[in-house]
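Student: Chain residues, written in single-letter form:
Protein chains: 2
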Amino acid sequence: MASTISYQRTDRTVPTRSPERASWDRETVHAILDEGYVCHLGFVRDGAPVVLPTLYARVGERLYAHGSTGSPALRGARQDEGLPVCLTVTHVDGIVLARSAFHHSINYRSVVVHGTARQVTDPAERAEALDALVNHIVPGRADDSRRANAKELAATAVLRLDLAEVSAKVRTGGPNDDPEDLELPHWSGVLPVTRGYGAPIPAEDLDPSIPVPGYLATR
Amino acid sequence: MASTISYQRTDRTVPTRSPERASWDRETVHAILDEGYVCHLGFVRDGAPVVLPTLYARVGERLYAHGSTGSPALRGARQDEGLPVCLTVTHVDGIVLARSAFHHSINYRSVVVHGTARQVTDPAERAEALDALVNHIVPGRADDSRRANAKELAATAVLRLDLAEVSAKVRTGGPNDDPEDLELPHWSGVLPVTRGYGAPIPAEDLDPSIPVPGYLATR
Numbered sequence: 001m002a003s004t005i006s007y008q009r010t011d012r013t014v015p016t017r018s019p020e021r022a023s024w025d026r027e028t029v030h031a032i033l034d035e036g037y038v039c040h041l042g043f044v045r046d047g048a049p050v051v052l053p054t055l056y057a058r059v060g061e062r063l064y065a066h067g068s069t070g071s072p073a074l075r076g077a078r079q080d081e082g083l084p085v086c087l088t089v090t091h092v093d094g095i096v097l098a099r100s101a102f103h104h105s106i107n108y109r110s111v112v113v114h115g116t117a118r119q120v121t122d123p124a125e126r127a128e129a130l131d132a133l134v135n136h137i138v139p140g141r142a143d144d145s146r147r148a149n150a151k152e153l154a155a156t157a158v159l160r161l162d163l164a165e166v167s168a169k170v171r172t173g174g175p176n177d178d179p180e181d182l183e184l185p186h187w188s189g190v191l192p193v194t195r196g197y198g199a200p201i202p203a204e205d206l207d208p209s210i211p212v213p214g215y216l217a218t219r
Numbered sequence: 001m002a003s004t005i006s007y008q009r010t011d012r013t014v015p016t017r018s019p020e021r022a023s024w025d026r027e028t029v030h031a032i033l034d035e036g037y038v039c040h041l042g043f044v045r046d047g048a049p050v051v052l053p054t055l056y057a058r059v060g061e062r063l064y065a066h067g068s069t070g071s072p073a074l075r076g077a078r079q080d081e082g083l084p085v086c087l088t089v090t091h092v093d094g095i096v097l098a099r100s101a102f103h104h105s106i107n108y109r110s111v112v113v114h115g116t117a118r119q120v121t122d123p124a125e126r127a128e129a130l131d132a133l134v135n136h137i138v139p140g141r142a143d144d145s146r147r148a149n150a151k152e153l154a155a156t157a158v159l160r161l162d163l164a165e166v167s168a169k170v171r172t173g174g175p176n177d178d179p180e181d182l183e184l185p186h187w188s189g190v191l192p193v194t195r196g197y198g199a200p201i202p203a204e205d206l207d208p209s210i211p212v213p214g215y216l217a218t219r
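Heads up: the protein sequence lines correspond to chains V and L, in order. Heads up, the first sequence is in full-length UniProt numbering, so the first residue is 1 and it goes up one at a time. Heads up, the second sequence is in full-length UniProt numbering, so the first residue is 1 and it goes up one at a time.
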């Protein structure tokens, strides 16, 4: 059943440029989303675009983000019609240096999600989403922290965006120089971009008898 | 003269949340922009938001991006009125683990630029912008590559966005737990997020007598 393997293509998710880099494969999309935790969320305010970095988590075919109930953007999502958004996640994997300036490029993996974000009101779904937002960044952390109390829950808006109109775009490999440029004397290849974590820094007021938890030590 | 030190604040650049993290200081904004090279560019298409990752470079108080002249988005910027955009750059510096789930956060530095992008038509400015786009990612590389020829220039659209309506947002430091949570048994602190570069990977067809250039070896 193709529909379970891939997202349906739409005018918005079929790129006009570099179509060979596009993918609608669910596993590809999920893997890119699960590797990150900061997205860039775009919406329209007073007719103009706004793009803000925010945290997200995936639960099955749903993405969750959260914010203050006082946020103007999230207030927009509270109304019945929801808030039209574009949510984009990008990982940069390498800088591609070609002999020609024109063919310089970036190796990257990105996912673009179009849809309507809505505020979640069901308490059970809100609790699940908030746990997911913590565990998506640091797996296992939700159980090792104090969960939100009533006052905090009242101050927190949870946004949901279903994965329906989605595509990934992936570039890998070396430079694609034109044949007539191959003899030029310029070094060409890929400078890999790496990401990682430093040693955990305890809070100044942390009880020194509390050890670094295993879910951090193993990263 | 305050106007030369800071960008003028507008309704769009004064945040409703965490105003203590906001800055309109030019040096702060420039430093954040200059450390990155991938932005998330938002615009409105058929009334809906679109957010795409793209490369950018700063030249003084101008940002440049480029793309194919066939791109629908860039075609929008060709018209006299230009294309209203929001260009956002984000660096993630650390994951902040508080005792409470609610106070979990991210240390980050971001810049949000609102404005109207316009296609650059002046040949000298286009050449300067294209060099800047290469040098912004790998300083010194523009001189060590073949510059665009007439055909490539004809296929390349250069977008310009002036830095006028701009703000930065910066979070640093440890968790801000509530006093009543300080005795909880959960580890708290910051997991630093690091970025770097791996060893350069030569193109498969690179003449092995061409050494890795100094501008890569020293990164």
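To be clear, the hints were calculated from the coordinates, so they are not data collected in a lab. Accuracy of the hints is not assured; some may be wrong.
Here are the computed lysine to aspartate or glutamate pairs in the EDC-like style, where the Cα-Cα straight-line distance is at most 20 Å [said to hold, decoys possible]:
1. L:K151 to V:E165
2. V:K151 to L:D177
3. V:K151 to L:D178
Student: Where does the structure disagree with the numbered hints, that is, which hint numbers, in rising order?
Tutor: The structure breaks only hint 1.
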